[in-house]
Amino acid sequence: MSDNMDFEKNMDKLEEIVKKLEKGNLPLEESFKLFKEGLLLSQKLNDVLNDIEGKITMLINNDEEIPFNLEEDKDV
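Per the UniProt record's numbering, the sequence shown runs over residues 1 to 76.
By construction, these hints were calculated from the structure, which means they are not laboratory data. Hints may contain errors.
[Stated by the list, open to error] In silico PhoX-like cross-links for lysine-lysine, where the CA-CA straight-line distance does not exceed 20 Å:
hint, residue 1, residue 2
1, Lys20, Lys33
2, Lys9, Lys20
3, Lys33, Lys44
4, Lys44, Lys55
5, Lys13, Lys44
6, Lys36, Lys9
7, Lys23, Lys44
8, Lys23, Lys13
9, Lys36, Lys13
10, Lys9, Lys19
11, Lys36, Lys55
12, Lys20, Lys36
13, Lys33, Lys19
14, Lys55, Lys33
15, Lys20, Lys55
16, Lys23, Lys33
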């Protein structure tokens with residue numbers, strides 16, 4: 001759960017950075033600093049998503065029994 005909280009916090013922080021940069025009223029140095037921070041956050045978030053995508057792919061391709069019933073989730 002901590003990883004999920006970190007992901008959500010980082011996503012919120014990235015959204016804040018984007019909003020600040022979109023306003024366009026920051027000095028160049030501060031804009032550059034925020035851009036760099038946003039880029040690093042974006043890379044971290046992308047790594048997490050890629051990791052989860054790999055785990056999901058492994059679950060789907062695994063010959064073992066899937067730990068949930070796909071028929072029950074049909075209405076979702």
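Hint check results:
Restraint check: the Cα-Cα separation between lysine 20 and lysine 33 comes to about 12 Å, which is no more than 20 Å; the hinted pair holds. Our distance criterion of 20 Å between C-alpha atoms is met by lysine 9 and lysine 20, whose separation comes to about 17 Å. Pair hint lysine 33 plus lysine 44 holds up; C-alpha atoms about 17 Å apart against a cutoff of 20 Å. As the CA atoms of lysine 44 and lysine 55 are separated by approximately 17 Å, the hinted pair is consistent with the 20 Å bound.
For a cut-off of 20 Å, the pair hint linking lysine 13 to lysine 44 stands: about 12 Å separates their Cα positions. Proposed proximity of lysine 36 and lysine 9 is supported: the alpha carbons are some 17 Å apart, at most 20 Å. The hinted pair formed by lysine 23 and lysine 44 fails the criterion: a straight-line CA distance of about 24 Å is larger than 20 Å. Between lysine 23 and lysine 13 the CA atoms are separated by roughly 16 Å; this keeps the pair inside 20 Å, and the hint holds.
A threshold of 20 Å between alpha carbons decides the hint, and for lysine 36 with lysine 13 the separation of about 13 Å falls inside it, so the pair holds. Pair hint lysine 9 plus lysine 19 holds up; C-alpha atoms about 15 Å apart against a cutoff of 20 Å. Taking the CA atoms of lysine 36 and lysine 55, the gap is near 29 Å; set against the 20 Å cutoff, the hint is violated. At most 20 Å may separate the alpha-carbon atoms for a hinted pair to count; lysine 20 and lysine 36 meet this at roughly 13 Å.
Distance restraint check for lysine 33 and lysine 19: the Cα-Cα separation of roughly 14 Å lies within the 20 Å cut-off, and the hinted pair is therefore satisfied. Only pairs whose Cα atoms come within 20 Å are accepted, and lysine 55 paired with lysine 33 is rejected, the gap being roughly 34 Å. With a C-alpha separation of about 34 Å, the suggested pairing of lysine 20 with lysine 55 is violated against the 20 Å cut-off. For the given pair, lysine 23 sits about 15 Å from lysine 33 by alpha-carbon distance, which is consistent with the 20 Å threshold.
Violated hints for the displayed structure, listed by number in ascending order: 7, 11, 14 and 15.
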